[in-house]
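So the sequences go chain by chain: A and B.
Position 12 of the first sequence, counted from 1, bears residue number 20 in the numbering used here, the numbering being contiguous throughout.
Position 90 of the second sequence, counted from 1, bears residue number 132 in the numbering used here, the numbering being contiguous throughout.
No lab work stands behind these hints: they were computed from the structure.
Predicted model only: the values in this text are computed from it and were never measured.
Mixed in with the good hints there might be a few duds.
20 Å max Cα-Cα, derived EDC-like pairs, lysine to aspartate or glutamate [said to hold, decoys possible]:
#1 A:Lys11 <-> A:Asp34
#2 B:Lys113 <-> B:Asp98
#3 B:Lys93 <-> B:Glu114
#4 B:Lys69 <-> B:Glu114
#5 B:Lys86 <-> B:Glu99
#6 A:Lys24 <-> A:Glu120
#7 B:Lys93 <-> B:Glu110
#8 A:Lys11 <-> B:Asp98
#9 B:Lys113 <-> B:Glu94
#10 A:Lys124 <-> A:Asp94
#11 B:Lys86 <-> A:Glu52
#12 B:Lys86 <-> A:Glu120
#13 A:Lys78 <-> A:Asp63
#14 A:Lys78 <-> A:Asp37
#15 A:Lys24 <-> A:Glu69
#16 A:Lys11 <-> B:Glu82
#17 A:Lys11 <-> B:Glu99
#18 A:Lys11 <-> B:Glu83
#19 B:Lys113 <-> B:Glu99
#20 B:Lys86 <-> A:Asp34
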Amino acid sequence: AQKITQTQPGMFVQEKEAVTLDCTYDTSDPSYGLFWYKQPSSGEMIFLIYQGSYDQQNATEGRYSLNFQKARKSANLVISASQLGDSAMYFCAMREPVYNQGGKLIFGQGTELSVKP
Amino acid sequence: NAGVMQNPRHLVRRRGQEARLRCSPMKGHSHVYWYRQLPEEGLKFMVYLQKENIIDESGMPKERFSAEFPKEGPSILRIQQVVRGDSAAYFCASSPTGLAGGLWNEQFFGPGTRLTVL
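Given these sequences and hints, build the entire structure.
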């Protein structure tokens, strides 16, 4: 069965520095998608970045990049130049192949990031 | 284009009452997913619906929980005879395509309904 693991319950980073949030996954299917979401204290889920299992290059979206290491089954999120507004919970998620009943998302436990001024 | 709407945003129920959570997907989306987030945990899949059909309910508790997505109107997640353990945030997500969308089939999340059972 698919599984997502985030081993860092909480992380601190100094403002303007870069930070890496870890995510490992487990699946036997060669086709999968990996997502990162941000959940601020207000509670909504904000999509950040996506990486497909067949994508040749690591995904980037502004200050967010995904360090995708397929052999290690890891999909770490890198946030460059941290800002105070980056303080939030961050969730890694994996999508099952859509032919398997529609492609639900499987979430990790989350990492709480605190950015210090 | 309005996003996914959920109401109510906050719902308080006493043990034994019924809770009804509503989700209006984005315009043009006919696929709805419900997730539950217990305190201090990540989101857990509950059910996936298309209009008038339940496609995958593998994450739904066997009793007291039901979901529907009628031809007209919002999707409803219904919890009968609520217990304290049902206190959680319930998120709805919608997507424009399901099976045909491929892996990059973004699910757009609503703001969630926070259910508190007293």
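Each hint tested on the structure:
1. A distance of roughly 5 Å separates the Cα atoms of lysine 11 of chain A and aspartate 34 of chain A; the hinted pair therefore holds under the 20 Å criterion.
2. Distance hint between lysine 113 of chain B and aspartate 98 of chain B is fulfilled; the C-alpha atoms sit about 18 Å from each other, no more than 20 Å.
3. With a C-alpha separation of about 8 Å, the suggested pairing of lysine 93 of chain B with glutamate 114 of chain B holds against the 20 Å cut-off.
4. Distance hint between lysine 69 of chain B and glutamate 114 of chain B is fulfilled; the C-alpha atoms sit about 13 Å from each other, no more than 20 Å.
5. A C-alpha spacing of about 12 Å is found between lysine 86 of chain B and glutamate 99 of chain B, which places the hinted pair at or below 20 Å, so the restraint holds.
6. Using a Cα cut-off of 20 Å, the hinted pair lysine 24 of chain A and glutamate 120 of chain A holds, with the two alpha carbons roughly 17 Å apart.
7. A C-alpha spacing of about 8 Å is found between lysine 93 of chain B and glutamate 110 of chain B, which places the hinted pair at or below 20 Å, so the restraint holds.
8. With a CA separation close to 18 Å, the supplied pair lysine 11 of chain A and aspartate 98 of chain B stays within the 20 Å bound.
9. Simply put, lysine 113 of chain B and glutamate 94 of chain B have alpha-carbon atoms about 6 Å apart, close enough for the 20 Å limit, and the pair holds.
10. Restraint check for lysine 124 of chain A and aspartate 94 of chain A: satisfied, since their Cα atoms lie roughly 10 Å apart, inside the 20 Å limit.
11. Between the alpha carbons of lysine 86 of chain B and glutamate 52 of chain A the distance comes to roughly 15 Å, so the proposed pair stays at or under 20 Å and holds.
12. Distance check on the hinted pair: lysine 86 of chain B and glutamate 120 of chain A sit about 18 Å apart at the alpha-carbon level, within 20 Å; holds.
13. Between the alpha carbons of lysine 78 of chain A and aspartate 63 of chain A the distance comes to roughly 10 Å, so the proposed pair stays at or under 20 Å and holds.
14. Of the supplied pair hints, the one linking lysine 78 of chain A and aspartate 37 of chain A holds, its CA atoms being roughly 12 Å apart against a limit of 20 Å.
15. Annotation: proposed proximity of lysine 24 of chain A to glutamate 69 of chain A holds, straight-line Cα distance about 17 Å (limit 20 Å).
16. Restraint check for lysine 11 of chain A and glutamate 82 of chain B: the C-alpha separation of about 18 Å stays at or below 20 Å, so the hint holds.
17. A C-alpha spacing of about 18 Å is found between lysine 11 of chain A and glutamate 99 of chain B, which places the hinted pair at or below 20 Å, so the restraint holds.
18. With a CA separation close to 14 Å, the supplied pair lysine 11 of chain A and glutamate 83 of chain B stays within the 20 Å bound.
19. Distance check on the hinted pair: lysine 113 of chain B and glutamate 99 of chain B sit about 19 Å apart at the alpha-carbon level, within 20 Å; holds.
20. This hinted pair checks out: lysine 86 of chain B and aspartate 34 of chain A have alpha carbons roughly 17 Å apart, not beyond 20 Å.
Checked against the numbered hints given earlier, this structure breaks none of them.
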